[in-house]
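Asks: Single-letter residue listing:
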Amino acid sequence: MSYRIKGNTGEWEVVIGLEVHAQVISKSKLFSGAATKFGADPNHHVSLVDAAMPGMLPVLNKEVVEQGVRTGLGLRAQINMKSVFERKNYFYADLPQGYQISQFLEPIVGEGTITLDLEGGDVREVGVERMHLEQDAGKSVHDQHPTQSYIDLNRSGVALMEIVSKPDLRSPEEAGAYLRKLRSILRYLGTCDGNMDEGSMRADVNVSVRKPGDELGTRTETKNVNSIRYVQQTIEHESKRQVKILEEGGEIVQETRLFDASNGTTRSMRSKEEAHDYRYFPDPDLLPLVLDPAWVEEIKATIPELPDEKKERFINDFGLSAYDAGILVADREKAMFYEEVAEGRDPKLAANWVMGDFFGALNKSGLSLDASPVSAKQLGGLIGLIKDNTISGRIAKEVFEVMWETSKDADTIVEEKGLKQITDTGPIEAAIDEIMAANPEQVDAFRGGNEKLIGWFVGQTMKATGGKANPGMVNQLLKKKLAG
Amino acid sequence: MSVDKNTVAKIARLARIRVDEKQQEELTGELNQILGWIEQLSELDTDGVEPMTSVVEMTQPLREDVVNDGYYVDRVTKNAPESAHGFYAVPKVVE
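Quick mapping for you: the protein sequence lines, in order, are chains A and B. Number 228 in UniProt numbering belongs to position 228 of the first sequence; there are no gaps in the numbering. Number 29 in UniProt numbering belongs to position 29 of the second sequence; there are no gaps in the numbering.
Think of the hints as simulated: they come from the structure by calculation, not from any bench. Please read all numbers here as calculations on a predicted model, not as lab measurements. Keep in mind that the hints are not guaranteed to be accurate.
[Stated by the list, open to error] Computed list of lysine-lysine pairs in DSBU-like fashion (alpha-carbon distance at most 30 Å, straight line):
1) A:Lys-27 <-> B:Lys-78
2) A:Lys-468 <-> A:Lys-408
3) A:Lys-240 <-> A:Lys-300
4) B:Lys-92 <-> A:Lys-139
5) B:Lys-22 <-> A:Lys-139
6) B:Lys-22 <-> A:Lys-223
Please take these sequences and the hints and turn them into a complete structure.
Replies: Here it is as structure tokens:
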């Protein structure tokens with residue numbers, strides 16, 4: 001079902017493009033040796049280069065270039081062997097240089113593709129227009145003084161990747177799927193931590209509307225939206241606002257807007273109207289960046305298996321559904337955990353346990369994966385016990401709960417609590433005989449044609465054996481004995 | 001290529017430089033003269049010639065990713081007209 005805005009004159013299609021700013025994982029800044037770590041005291045992670053003191057010269061960080069190339073490869077994008085840093089000129093209190101060093105005409109990464117995982121296991125390809133490297137600005141604090149703003153340059157000069165999508169997205173859901181997938185890929189690659197709370201990933205949201213089949217409408221750009229939910233709210237609000245204006249005979253003004261999280265709306269940033277004239281020109285302090293093809297090949301060799309490939313492998317090799325595989329690969333640590341559990345075990349049974357009881361317990365306790373009281377190896381051990389009939393699935397749930405409490409191995413718990421499944425026909429037969437002798441009227445009813453009663457007999461037998469009897473054997477033996 | 005007085009006024013405003021009417025007039029003339037000199041370069045045939053980005057033959061040098069700078073907030077804010085609690089303090093700029 002396509003997403004449409006219903007107006008008075010019919011349905012409108014929404015066209016969305018996202019510019020994502022992702023902070024590059026590196027120890028030092030893009031052009032200086034100051035630290036990038038989050039949360040330092042004001043202006044401690046600042047060098048004279050970041051503060052734009054006269055005569056200071058930028059020197060490019062090799063690791064950041066490598067991370068940029070790695071990201072490009074992960075987005076299945078064109079790597080440009082030559083790229084150019086330019087100055088984007090504007091004035092703001094937290095931009096000491098008076099320009100941002102960015103890339104404009106010749107970015108380091110060209111066109112690529114991101115595959116969206118949509119509801120119900122559907123997939124859709126979305127184009128990436130480009131990715132370039134640039135400096136972040138500083139931070140302004142407005143609420144500490146009645147007449148002054150405080151400026152902290154710790155973030156000034158930290159490397160960002162700006163990843164620009166093509167206007168291929170058509171609904172808030174798709175925009176959400178795009179951001180989740182992009183974040184997942186960046187985390188797999190280790191090029192951005194994707195932490196939106198700390199501002200490591202933020203999005204500029206371009207929205208326009210049109211009647212299906214028409215030319216693209218005029219767009220607006222809502223800046224610096226810092227959560228997936230806010231991006232979706234921006235799209236919902238902005239598309240409705242534009243439809244209303246157009247249906248009332250008005251025109252959309254191409255402008256920069258701000259998202260207001262307190263009421264989920266957007267508003268115009270009038271002060272930015274003139275700022276769009278950035279007068280880009282190549283930074284005379286920096287030569288063009290030329291990549292050695294051998295280096296790019298070396299970087300290519302370090303690219304890990306990415307979510308799409310992993311998903312494909314889980315489906316083909318493990319027989320998982322597209323939906324299950326999608327959930328398991330979304331987070332790299334969880335995917336690795338699953339693979340460790342499934343190692344040498346039944347992969348489908350492992351998937352059910354990881355996604356069911358295990359993720360359930362993790363969510364309920366509010367723990368992160370690395371703080372889990374049950375290790376992947378231990379969970380694998382439990383699954384092994386189910387598979388080799390040492391315990392039934394029902395008992396396994398009981399064992400799992402004890403494992404979660406005590407962090408003990410499954411076989412230890414089974415041993416200590418005497419939960420080993422009865423697979424010996426003797427005791428099961430004895431239990432059945434006793435039940436049949438005590439309930440002759442039920443036996444007669446069954447033999448008289450009420451075959452549903454088999455369930456009752458199974459229940460009684462399980463109860464008599466403390467739940468430890470092998471259910472398959474109980475069924476088999478019951479059928480034989482009841483048949484007379 | 002040439003510029004008119006309005007363009008000069010706009011460039012001045014974008015660069016945050018105050019240029020009065022009379023100066024705008026003078027600058028328009030000066031800039032057009034400079035642009036005229038640069039224009040002469042277009043008489044040369046540069047088809048197939050790579051743009052020169054540096055007078056020396058070299059590529060962009062790269063730095064290893066190590067933290068070896070910063071941690072001197074006093075030096076960073078020393079020239080600031082005003083600072084407070086390690087921040088630069090500037091007239092309120094709020095959107």
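Asks: State the violated hints by number, sorted upward, taking the hints as numbered earlier in the document.
Replies: Structure breaks hints 3, 5 and 6.
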